[in-house]
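Q: Next come the chains, spelled out residue by residue.
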Amino acid sequence: MSFNTYIPLFVVLSSFLPALIIFRLSEKQHTLRTLLNLSGIFITLVLVIWMFVGVYYGEHYEIRFALIQNLDISLRAGPFALFFTGLSSVLWFITTIYAIGYLEGSAHSSRFFGFFNLCITATIGIALSGNLITFLLFYEILTLSAYPLIIHRGTEESRLAGSRYLLYTLIGGALLLLGTVWLYTLTGTLEFTPKGFVQTILQEHSSALVIIFILLIAGFGVKAALFPLHGWLPQAMVAPAPVSALLHAVAVVKAGAFGIVRVVYEVYGLETAAFLGLTTPLAVIASITIIYGSLRALFQDNLKRRLAFSTISQVSYIILGIAIVGPIATTGGIIHLVHQGVMKITLFFGAGNFAETLGVYQVSQMNGIAKRMPWTMVSFTIGALGMIGIPPIAGFITKWYLGLGALESGQGWVIAVLAASSLLNAGYFLPILYRAWFLAPPKSWPDEHNFSKGETKLSLLWPPLITAFFALSFGLFAASPWSPLAWVHLITQREFF
Amino acid sequence: MYLKLVLATPWEVFLILLPILGGLFSFLLPKFNKAIGISTLILTLFFVVFIALKLRTQGAFYHLVGGWDAPLGINLYIDGLSLVMLGLTALIGVGASVYAGKYFTQTQSLWFWPIWLFLIAGINALFLSQDIFNFYVTLELIGLASAALTALSNTKEALTGAMRYLLVTLLGSLAYLLGVALLYHGFGSVDIAILSNTIESTPAAWAAMGLMSAGLLLKSALFPLHFWLPPAHASAPAPISAVLSALIIKASIYIQLRLWISLFFPLHNFYFEIFFAVLGSIAVLWGSVQALVQTRLKLLIAYSTVAQVGYLFLAFSLALGGVSVAWSALIYLMLSHALAKSALFLVAGNLLHFHGHDRIIDLDRIAQRLPLSTAAFALAGVSIIGLPLSGGFIGKWFLLEASLADNNWGITAVVLLGGLLAAGYIFKVLGFTFTKTTRTQKAQNIPLSMELVPLCLAIMAILTGFFATPLLSLIHIGNPFGNIGAAP
Chain A
49 MSFNTYIPLF VVLSSFLPAL IIFRLSEKQH TLRTLLNLSG IFITLVLVIW
99 MFVGVYYGEH YEIRFALIQN LDISLRAGPF ALFFTGLSSV LWFITTIYAI
149 GYLEGSAHSS RFFGFFNLCI TATIGIALSG NLITFLLFYE ILTLSAYPLI
199 IHRGTEESRL AGSRYLLYTL IGGALLLLGT VWLYTLTGTL EFTPKGFVQT
249 ILQEHSSALV IIFILLIAGF GVKAALFPLH GWLPQAMVAP APVSALLHAV
299 AVVKAGAFGI VRVVYEVYGL ETAAFLGLTT PLAVIASITI IYGSLRALFQ
349 DNLKRRLAFS TISQVSYIIL GIAIVGPIAT TGGIIHLVHQ GVMKITLFFG
399 AGNFAETLGV YQVSQMNGIA KRMPWTMVSF TIGALGMIGI PPIAGFITKW
449 YLGLGALESG QGWVIAVLAA SSLLNAGYFL PILYRAWFLA PPKSWPDEHN
499 FSKGETKLSL LWPPLITAFF ALSFGLFAAS PWSPLAWVHL ITQREFF
Chain B
1191 MYLKLVLATP WEVFLILLPI LGGLFSFLLP KFNKAIGIST LILTLFFVVF
1241 IALKLRTQGA FYHLVGGWDA PLGINLYIDG LSLVMLGLTA LIGVGASVYA
1291 GKYFTQTQSL WFWPIWLFLI AGINALFLSQ DIFNFYVTLE LIGLASAALT
1341 ALSNTKEALT GAMRYLLVTL LGSLAYLLGV ALLYHGFGSV DIAILSNTIE
1391 STPAAWAAMG LMSAGLLLKS ALFPLHFWLP PAHASAPAPI SAVLSALIIK
1441 ASIYIQLRLW ISLFFPLHNF YFEIFFAVLG SIAVLWGSVQ ALVQTRLKLL
1491 IAYSTVAQVG YLFLAFSLAL GGVSVAWSAL IYLMLSHALA KSALFLVAGN
1541 LLHFHGHDRI IDLDRIAQRL PLSTAAFALA GVSIIGLPLS GGFIGKWFLL
1591 EASLADNNWG ITAVVLLGGL LAAGYIFKVL GFTFTKTTRT QKAQNIPLSM
1641 ELVPLCLAIM AILTGFFATP LLSLIHIGNP FGNIGAAP
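In order, the protein sequences belong to chains A and B. So for the first sequence, the numbering used here puts the first residue at 49; every next one is plus one. So for the second sequence, the numbering used here puts the first residue at 1191; every next one is plus one.
Note that these hints are calculated values from the structure, not bench results. Every residue gets a Cβ at the ideal spot worked out from N, C-alpha and C, and that includes glycine. The reader is advised that the hints may include incorrect statements.
Said to hold, decoys possible - A few chain A residues that face chain B, going by a derived Cβ cut-off under 7 Å, partial list only: (1) 185; (2) 222; (3) 254; (4) 258.
Stated by the list, open to error - Straight-line Cα separation of at most 30 Å, BS3-like style, residue types lysine-lysine; simulated pairs: (5) 1632/B to 76/A; (6) 1224/B to 76/A; (7) 1346/B to 1292/B; (8) 1224/B to 1292/B; (9) 491/A to 419/A; (10) 491/A to 505/A.
Stated by the list, open to error - Per label pair, the in silico range of CB-to-CB distance: (11) 1660/B to 51/A: 25 to 35 Å; (12) 1637/B to 72/A: 43 to 53 Å; (13) 155/A to 1220/B: 18 to 28 Å; (14) 1660/B to 534/A: 54 to 64 Å.
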């Protein structure tokens, strides 16, 4: 075993060990806590970049431990695993800075940052999982470590939101467990394999395979907020803004979508899934979710709630992309993991800044807010336009690939879904932008804090600016060899097709 | 050289002798009772380690006390299964002792330590026994000692619970004893190994099996014979509740395993599997629902034990049906439940001590005020629910594997549903540890050791999930499940 073998483990530990130490810090040890937070992410980023270069040149990173007989915990860094690891660690870095600005000084910071780091550990573990059992383990750890963050405020409302979240995710976890054990008893393996591993039992157990597929998709679909399993997500917005960012862009919802991708491509294999007639229903459910989420978003006055319904809609683009059989649509789906992430996190950062600086929570309170907080609003605008799909922002690339992919595989109806959804997106984002930029601001804001320099705290202002910059440049430079899109091409070539 | 000495010493005898001596001395020297008690248990833990060494080198073995063979002498027998139970007893015993050292008042500890050490001697003797009469003797000893300990807090509630517990345990032992008498009369021995070669399907054998099983089922609180458990376990002092749930219940289940594997298996038929599966399923569902609706923490934890006993019998039913992986499930569920449940009861003791009550909705921000206890509760809860990565998860995984291998969809559904219900009652408690109550209540200090012990036990419940392969290979030394299904 060389150093390379252990890198995946080190990446997981680099947030886990700080988490353990942070739990034991007293509230006052502000500097040390920040230092631990940042050094963890720094080590992770270095290791992830190291692996990116290695994988590009064909290096193999894998470590495994026996859990029980014939069943290993395995961490493996392939192109797709790294893609998600890279996304979460970069966004985590930015969210950490934001969270420090947002929460330091308020009560129970050590608990908060401890669980925050545990969430990241779980997400990185999910990303690097080499088989379904490892995935399941980290997926459940993520469920558990997100719970204390959701009920962090300790109010009755947040307790109920937490309970709702657990009700959904634990039932999802149980379905997932059933599907996983069942698959294991039938095939004797759970290793993620390019083009899937279930073909061996396709003849004798095809009906069992269909049921297992439904179980697994339902299990992941809860976190990915697929309709009708999405009920927990809008309510969970009572959590602090960095947690919303974490839930919607970095970890929880993404982990669900990531899981569905794994199941379709590396457990079943796209061809087998299509052969069993499973991809079209999946595409239909994704489409319904897209339209439904957007429709609900139209009628929300609470900004975070509107963004939450928008997440429900947007995450299903990923699932739609992989359910349309073909490499181009796949590219569109996979790339949206990153695109939705950077855009949605920008929007939540913005919403958090409005709430923290001015006490603005409702869309109807946002008149003229751009005059008071121009830079936050610039980044919010980039995120919102990107969501609608306006070029050259990242969201456009997604829709372009999805549309092309749908045409390629002869599923023209998808174009209609995309068009309708874009209209709806415009319907709930443009009024916000109009209010913010063009209407006159009120005489006073609900709860204004004046931070001496600039429109808000610098640690709150920089994160949305950076992520908005990402959203813009991922679209603008999509064709460059360093863009996420280029890496997705690598993934589809090496792992999926 | 040293290894030889280690291997030659009859550590197993000391496991019984030492706690008895400790009990006597703690009675005679009340000033030092705490020191004597804790050090005795730490010593037994060491002895268990030595026995494990011995077992690994030479396999399962008999020890003839005083050199007399059966049927005259007392035979001690050790294989992987008894080793694990002894280890569990020593671990939880040390934990409960350290905790009890701070928990009891001066007067209470005068009685606590001697009885407690006798109880440990009884439990150890039970796990070392190899004949059905010794099982009876040790069962009776355990029953009396634990009834006395239950009454120790001396409240009206505790006395009622203890009295009911005493009657139940006596009734159970009596039924068991009748069965022993029938077998001895019919087949001329009480040694399990001898009996298993001679037993035949006669009416006497059937009657013996019925009586013995009924007595043991009553003691292990399988639904619908669980009625005595919640009041007894909830009203006892915390360290006693922990041991009652973690070890005493397991002791009678252990005897049933031994009997069914070697003795009753020739009598076995399909209906027994159904019987255990049905009662186990109802126990899981009923116990969990009852736990969910409780408003007091200790009762909630006690009803959770009712549910967890159900899981053990589900696994048992599958194992009887010949699914070998079900044995691993059974043992793993037993281990992880013992560790996790004792942690939960000790945490409940802390919370009760902290506020003077254990009403769940008035937990009042325990998460920030007693973070270690809350962490212990959460970690133990993870194992009880069977979430990864914990001992409970491995147990549940094996159990699901077994039920799917058997195409037993009923058990599969019960296992999943039971897990969700468990999540319901565990997180109901955890949710209220974050919220603030409107009621004003005073708070008392909790000594650090009383917080650390449950945390350590809970961490062990989690860690058993990481060491499944070595632990299982230890358990299978001497092929304890030989007669029914090969070891996986």
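Q: Hints the structure violates: just list their numbers, smallest first.
A: 3, 4, 6, 12, 13, 14
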